[in-house]
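**Student:** Sequences listed follow chains A and B, in order.
In terms of the numbering used here, the first sequence has 64 at position 64, counting the first letter as 1, and numbering is strictly consecutive.
In terms of the numbering used here, the second sequence has 178 at position 101, counting the first letter as 1, and numbering is strictly consecutive.
FYI, nobody ran anything at the bench for these hints, they're computed from the structure.
By construction, the Cβ of each residue, glycine as well, lies at the ideal position given by its N, Cα and C atoms.
Chain A residues, not near chain B, derived (Cβ > 12 Å throughout):
no., residue
1, S2
2, L27
3, E34
4, I36
5, A63
6, R72
One side only, chain B facing chain A, incomplete, derived with CB under 10 Å:
no., residue
7, L138
8, W139
9, E142
10, K147
11, L148
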Amino acid sequence: MSREILDCRRLLCPMPVIRVQDRIEQLQPGDELEAICTDPGAMNDIPAWCRINGHQVLACEEAGGEYRIAIRVGGGS
Amino acid sequence: MQRKAVALVSGGLDSMLAVRVIQEQGIHVEGINFFTGFCVEGHTHAIRKRDRKKPKRNNALWVAEQLGIKLHIIDIVEEYKEVVFNPKYGYGAHLNPCLDCKIFMVKKAKEWMEAHGFDFIITGEVIGQRPKSQRKDTLPVVQRDSGIGDLLLRPLCAKNLPPTLPEREGWVDRDKLYDFSGRSRKPQIALARRFGIEDFAQPAGGCCFLTDEQYSRKLADLWQARGSRQYEMDDIMLLKVGRHIRPKPHFKLIVAREEGEGNFLQGYRRLYPSLKTVSHGGPLALIDGEPTEEDLALAARIVARYSQGKNAPEVELEYRDTEGNARTLKVAPLPPHELNPEWML
Numbered sequence: 001m002s003r004e005i006l007d008c009r010r011l012l013c014p015m016p017v018i019r020v021q022d023r024i025e026q027l028q029p030g031d032e033l034e035a036i037c038t039d040p041g042a043m044n045d046i047p048a049w050c051r052i053n054g055h056q057v058l059a060c061e062e063a064g065g066e067y068r069i070a071i072r073v074g075g076g077s
Numbered sequence: 078m079q080r081k082a083v084a085l086v087s088g089g090l091d092s093m094l095a096v097r098v099i100q101e102q103g104i105h106v107e108g109i110n111f112f113t114g115f116c117v118e119g120h121t122h123a124i125r126k127r128d129r130k131k132p133k134r135n136n137a138l139w140v141a142e143q144l145g146i147k148l149h150i151i152d153i154v155e156e157y158k159e160v161v162f163n164p165k166y167g168y169g170a171h172l173n174p175c176l177d178c179k180i181f182m183v184k185k186a187k188e189w190m191e192a193h194g195f196d197f198i199i200t201g202e203v204i205g206q207r208p209k210s211q212r213k214d215t216l217p218v219v220q221r222d223s224g225i226g227d228l229l230l231r232p233l234c235a236k237n238l239p240p241t242l243p244e245r246e247g248w249v250d251r252d253k254l255y256d257f258s259g260r261s262r263k264p265q266i267a268l269a270r271r272f273g274i275e276d277f278a279q280p281a282g283g284c285c286f287l288t289d290e291q292y293s294r295k296l297a298d299l300w301q302a303r304g305s306r307q308y309e310m311d312d313i314m315l316l317k318v319g320r321h322i323r324p325k326p327h328f329k330l331i332v333a334r335e336e337g338e339g340n341f342l343q344g345y346r347r348l349y350p351s352l353k354t355v356s357h358g359g360p361l362a363l364i365d366g367e368p369t370e371e372d373l374a375l376a377a378r379i380v381a382r383y384s385q386g387k388n389a390p391e392v393e394l395e396y397r398d399t400e401g402n403a404r405t406l407k408v409a410p411l412p413p414h415e416l417n418p419e420w421m422l
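Please build the complete structure, drawing on both the sequences and the hints.
**Tutor:** Structure, rendered in structure tokens:
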């Protein structure tokens, strides 16, 4: 199981979603990924993408103009 | 054996209905959504503060969730440039290469279909719905030029078209497909009601900035000023933001219209020199081009015109280059009658 950070700062949606999607394709079920974004839209779009593609959102937090979305990779990807 | 279809999902109603029609026939459907860089989706909400109170969602993702299908979003920004620069079938009313765009997207979807072991492609196209890409004479062009042939099924207007392979092979029942045509939205809305779909997006010009007159004008101006049809991701993002003012052929100003845009432009100060009023409240402006010292004074007067000091005899601004070196300029704000309307892009 790995845990890593994905820097999506300054990217506008849907680019953060695409980055998460492309990274998750390389990961294994159970691995964890935390996306750091500056576009507030990512707070909706990344969890929506996770729900429809079978990944678990562990946390969504805002601090200092940054949005952190923690994800556990599901088995269905 | 359960057949699998990949659907081009834009986030609008037509592709949503096309998916539902095919799902009803027991086909496994997954969606594919292409990001060209010109997608209207989301950006303006992200950039402009005043839009942030509106519900913010990516319609393609939302549609996929409503339909219970997976959605794959594909970044085609780089490859798409060729479609924008040299559309074989030309542009629509503005810089929208709709037919070439559809061909390109179907071609990419075909590659995805083959790589993932899917059987055919579906789209929400309707004959006569769009003036360039969805005509009786152009629908076959999409099939031919993309190489997909009769593995492309348009469930909403299939009965107006020759049977495709999925119909002939009995993977889908042609009798349960539709015969929509023309620009009327009534059949789609009636079908949506039948499926119990009440909430859906119907963007007027589609979901692409290239169908927008003002946006296309700014893109044409960018190409003219640079002497070539080129753009980078930052260029096409910036065309979505602020007032674009070109007082001289060799430089233009991008002036933030409100705080959200100002914050967004702030992120570009290492790429573009900038002007910001300091004696009064006012917008941040980026300078794109090579202004002379005299031009810079004019630029400062224009920016001052959009500040709270627009009626003051003198306004102080900070000019900052891309290295972060700053200096002060003191100018008289440009009076309204000197702001040439032709400068406004």
